[in-house]
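Quick mapping for you: the protein sequence lines, in order, are chains A and B.
In terms of this note's numbering, the first sequence opens at residue 37 and continues consecutively.
In terms of this note's numbering, the second sequence opens at residue 24 and continues consecutively.
If you are wondering where the hints come from, they were derived from the structure by calculation, not from laboratory data.
One or more hints might be untrue.
Per label pair, the in silico range of CB-to-CB distance [what the hints assert, rightly or not]: (1) A:G227 / B:R244: 21 to 31 Å; (2) A:C51 / B:R244: 40 to 50 Å; (3) B:V215 / A:Y96: 22 to 32 Å; (4) B:R266 / A:D247: 43 to 53 Å; (5) A:Y76 / B:D265: 44 to 54 Å; (6) A:H90 / B:M80: 38 to 48 Å; (7) A:Y76 / B:I306: 31 to 41 Å.
Note that beta-carbon positions come from the ideal geometry of N, C-alpha and C, so glycine has one too.
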Amino acid sequence: MRLGLVIDLDTCVGCHGCAVACKQWNTSGTTGALTDYRPYGRNPSGVWFNRIRHYEVGDYPNNKTINFPMSCMHCEDADCVTVCPTGASYKRKEDGIVLVDQDKCMGCNYCSWACPYGARELDREAGVMKKCTLCIDRIYDEELDEIDRQPACVITCPAHARYFGDFDDPNSEVSQLVRDRAGYKLMPEVGYNPTNTYLPPRLTQPIPTDDVRKEGGLAGKVKEWANKTVVR
Amino acid sequence: MHPALSVIIFTVSSGAGYGLLMLMIGLHIFGFAPDMTENELLTGGIIGLALVAFGLMSSTFHLANPKNAWRAFNRFRTSWLSREGVFAVLSFPFALLYLFAVWSGGAEVTGFMQVVGFLTIVISLLTVFSTGMIYGCLKTIRQWNSALTPANYIMLGLMLGAALLVTLRNSFNGDIALASSMALVIIVIALVLKAIYYFWLKRVTGPTMKTATGFTRANVRLLDVGHTAGTFLTEEFGYQPDRTIVTLFKVLVFVLGFILPGMIVFGMTDGDASSSQAIGAVILAFIGIGLERWLFFAEARHVVNLYHGAQNT
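I would like the entire structure built from these sequences, with the hints used as guidance.
This is the structure in structure tokens:
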């Protein structure tokens, strides 16, 4: 079994809902708490397993905003595990999930240096490294209904841009999506062989704006001038 | 990369300690310095081990959870950090056995002394090599992921050790002609190696924002990084040194670290020196290599910066 996520960059709206759901679930989970520093101060910061960045791809007028959620890729060749001197970092044989044993970690940061995806963050309060667990305390919880045995980020996504499943099973939803939508991995050249896969935005016809009617006359010019002058 | 003072002190100090141990024991057990006295060997050995111990202690200061530091020996099979720790700890009993042999039997070279001394040299070399490989093995930092990294660590450790050895020989009124000639050769090799590294550093490139995001057929720009204040990632990897400081430090590395100590030991190759000259060379070399180590970290660009807006590494 090789569990991981598929993230659809076509439908992600960048709402950060997955990050908030992740924080909410995991702060009381097996690797909790996800400490916040200065939560009500000037520069609030803290530990997150999932972060969303926003990019502009292409040049105007053929540009597009891409919302980009990133969490642990649960790599096949995870150097974060091999570089760990204490053995706190490990990759589970049975499902490929990469975890940190909180009782063994000495907080040397070395695994975070080895991770190209920024998936590992040191909890300065607890002094140990923390990372996405793929909600291991949720996906195997038989107390939950079957439909709820998924990572918190996947269940919460309002745009249905996140999928969870077994990449080793060619007929799983994630494997089919990767096949049908030409799923790709991030930064393949570093050779970590990540499990999480991204679906590129679908090709769409750009909507032309040249023919949009412009207001003419003096009133139109005044309006245009006012719009340019007044800074909101 | 954020240049952590504890790691700079650790790598410079333990490298210098191992350099001194390797060169001093090497000269002694292979019979190149028959005038070495028991006191000189014991003093040199204790200084070397003290520098190593000081460096190792300093390295534990950057641990967020030092109570688990003893577990760092667990992953010898895969982790260079673990190997470094194992070799470092292993070097102590052999070095101490060697020093015990000198202390109990005098400076006369014996077979036992040769065996434990040779093993100390081998383990010291492995330790410094492992220190370099801690950084050299990281595929995420293109500026480190090269054979030049461990080579530099070994040569710079030997160089500081050689400068220390000249001072040691001089303060015990030993023959410094051989020690200073050796120091000069090592300084020249270290200088050439460091110059090669800095030239290579200008050309080396790693992944780009395009491969990091997968949008390889268009320009990609960061619109919003998604967090309001800094994160662990920006604090640890986002450090950007001032270009003028980098240039200034590079000049200082060559002048203080290599050229001035090189000129001073060159003046000693005729076997004549004052103690202030020898100590001056050591102090200058330590300052220069300290700055070199700062640059080593400050100039490294981790690929995670690509997700925070950097176009290339």
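Results for each hint:
1. A:G227 / B:R244: 21 to 31 Å: holds, 26 Å
2. A:C51 / B:R244: 40 to 50 Å: This hint is violated: roughly 21 Å between Cβ atoms.
3. B:V215 / A:Y96: 22 to 32 Å: Violated, at about 50 Å.
4. B:R266 / A:D247: 43 to 53 Å: With a Cβ separation near 49 Å, B:R266 and A:D247 satisfy 43 to 53 Å, so the hint holds.
5. A:Y76 / B:D265: 44 to 54 Å: violated, 33 Å
6. A:H90 / B:M80: 38 to 48 Å: holds, 44 Å
7. A:Y76 / B:I306: 31 to 41 Å: For B:I306 against A:Y76, whose Cβ atoms are near 49 Å apart, the range 31 to 41 Å is violated.
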